[in-house]
Amino acid sequence: MKSREGMLMLVLFVVIAGAAGCAGARPQIRFDTAKVPVSMSKTVLGRDGRPLGAQEQFPVGRFTAKRTGYAIAYSFAQMGPFDFSEELNRQVGEVKGDAVVNLQVSTEKSGCTCLNIMPFIQALPLYPGCVEVSLEGDIIRASRPTGAARAK
Amino acid sequence: MKRWFCKAAALALFLGAAGCAGKSITVDLRHFPNPIMVSPIMRIGDKTPPTFKLPEYSRFNGESSMVATGSQSQRVEGNYVVTETRSTRNTYDNVAYQISLATSGRPDLVVVVDELRAGNWAHASLVAIITEWVGVKGRTFDPKAIEWRGK
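Protein chains in written order, with the numbering used here: chain W, 1 to 152; chain X, 1 to 151.
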């Protein structure tokens with residue numbers, strides 16, 4: 001008897017959980033048209049293909065970008081491209097950088113957390129889910145920057 | 001009505017604990033001696049991405065993730081309704097470990113990231129579950145395998 005009740009509870013739980021659905025997003029972060037190399041570590045390859053040591057890298061700025069990716073159909077259908085090349089080329093160009101190193105990728109706690117967790121409404125396939133992604137890194141030059149570039 | 005209010009308050013509490021601000025998951029690979037390239041251009045000064053004339057040295061697939069859960073139960077004790085809210089938060093990170101395995105201590109290898117994905121997923125019914133992750137998939141190459149097409 002008890003096992004039957006337990007089974008019924010389990011079935012009920014699965015039915016309710018399934019009917020409640022889920023929401024989210026999982027965009028692919030890309031740099032398809034980036035004009036400079038981007039490394040997630042402290043190392044980047046120099047003009048001769050040899051790794052640049054710390055003493056050969058001159059930081060000239062910070063690269064930061066934040067974007068929200070959306071999806072529908074329980075996060076299976078991603079909406080829109082998620083290419084950060086434009087922001088990267090602009091920010092690197094402003095300080096005349098040669099590369100980005102130490103790139104860190106984060107998901108942000110944001111309004112998306114609250115949007116994604118709407119009980120039962122998220123069961124609708126067209127209910128959107130989202131994720132906020134932030135990128136941070138150091139813009140460097142391979143040669144010692146001039147005074148003006150360093151000031152930025 | 002009162003019961004629904006309690007449930008809503010518990011969910012709000014859980015969301016507060018999970019947080020609607022700040023960073024959730026960060027992939028930080030700054031300590032690696034290998035270049036870990038996410039852009040098609042892999043060398044300073046190049047205008048064209050390189051090609052690979054030899055097969056990769058190794059492959060890797062790692063993920064950094066966080067799972068938070070919350071649930072609530074109510075029971076009557078005498079004249080009181082006792083509401084109990086439970087929440088957990090677990091983080092898991094194996095991106096650095098997978099890259100370490102793939103490079104097997106060789107600092108000269110070039111790590112090429114083929115897929116960098118960040119995502120989340122949430123469900124709320126009898127329990128609330130929030131999961132967030134950053135996934136990194138890629139290959140490592142011996143420098144001799146890279147054909148620079150360059151400038």
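Please keep in mind that the hints were generated in silico from the structure rather than gathered at the bench. None of the values given here were measured: they were computed from a predicted structure. Cβ atoms here follow ideal geometry from the backbone N, Cα and C, with glycine treated the same way. You may find that some hints are simply not true.
Unchecked claim - If you want the ones that stay clear, here's a sample from chain W, every Cβ over 12 Å from chain X, calculated:
no.: 1; residue: Pro27
no.: 2; residue: Ala71
no.: 3; residue: Ser85
no.: 4; residue: Asp98
no.: 5; residue: Pro125
no.: 6; residue: Glu136
Unchecked claim - In the SDA-like style, the derived pairs of lysine to any residue whose C-alpha atoms are separated by at most 25 Å in a straight line are:
no.: 7; chain 1: X; residue 1: Lys144; chain 2: W; residue 2: Pro51
no.: 8; chain 1: W; residue 1: Lys35; chain 2: W; residue 2: Gly46
no.: 9; chain 1: X; residue 1: Lys47; chain 2: W; residue 2: Phe76
no.: 10; chain 1: X; residue 1: Lys53; chain 2: X; residue 2: Pro107
no.: 11; chain 1: X; residue 1: Lys137; chain 2: X; residue 2: Val112
no.: 12; chain 1: W; residue 1: Lys66; chain 2: X; residue 2: Lys144
no.: 13; chain 1: W; residue 1: Lys35; chain 2: X; residue 2: Met66
no.: 14; chain 1: W; residue 1: Lys96; chain 2: X; residue 2: Met66
no.: 15; chain 1: X; residue 1: Lys144; chain 2: X; residue 2: Val112
no.: 16; chain 1: W; residue 1: Lys66; chain 2: X; residue 2: Met66
How the hints compare with the structure:
1. Not every CB of chain X lies more than 12 Å from the CB of proline 27(W), the least distance being 7 Å, so the non-interface label is violated.
2. Here alanine 71(W) does not stay apart from chain X, with its beta-carbon only about 9 Å from theirs, under the 12 Å limit.
3. Its beta-carbon lying about 8 Å from the closest one in chain X, serine 85(W) breaks the requirement of being farther than 12 Å from that chain.
4. Listed as outside the interface, aspartate 98(W) is inconsistent with that label: its C-beta sits roughly 5 Å from the nearest C-beta of chain X, within the 12 Å cut-off.
5. At the 12 Å boundary, the C-beta of proline 125(W) stays outside the reach of chain X, the nearest C-beta of that chain being 15 Å off.
6. Not every CB of chain X is more than 12 Å from the CB of glutamate 136(W) (nearest about 9 Å), against its label as outside the interface.
7. Proposed proximity of lysine 144(X) and proline 51(W) is supported: the alpha carbons are some 14 Å apart, at most 25 Å.
8. As the CA atoms of lysine 35(W) and glycine 46(W) are separated by approximately 14 Å, the hinted pair is consistent with the 25 Å bound.
9. The hinted pair formed by lysine 47(X) and phenylalanine 76(W) fails the criterion: a straight-line CA distance of about 35 Å is larger than 25 Å.
10. Distance check on the hinted pair: lysine 53(X) and proline 107(X) sit about 20 Å apart at the alpha-carbon level, within 25 Å; holds.
11. For the given pair, lysine 137(X) sits about 9 Å from valine 112(X) by alpha-carbon distance, which is consistent with the 25 Å threshold.
12. Restraint check: the Cα-Cα separation between lysine 66(W) and lysine 144(X) comes to about 36 Å, which exceeds 25 Å; the hinted pair is violated.
13. Of the pairs offered as hints, the one joining lysine 35(W) and methionine 66(X) is violated, with about 33 Å between alpha carbons and a cut-off of 25 Å exceeded.
14. Among the hinted pairs, lysine 96(W) with methionine 66(X) is inconsistent with the structure: their alpha-carbon atoms are about 37 Å apart, more than 25 Å.
15. Proposed proximity of lysine 144(X) and valine 112(X) is supported: the alpha carbons are some 14 Å apart, at most 25 Å.
16. The straight-line distance between the Cα atoms of lysine 66(W) and methionine 66(X) is roughly 20 Å, inside the 25 Å bound, and the hint therefore holds.
This entry does not satisfy hints 1, 2, 3, 4, 6, 9, 12, 13, 14, going by the numbered hints stated previously.
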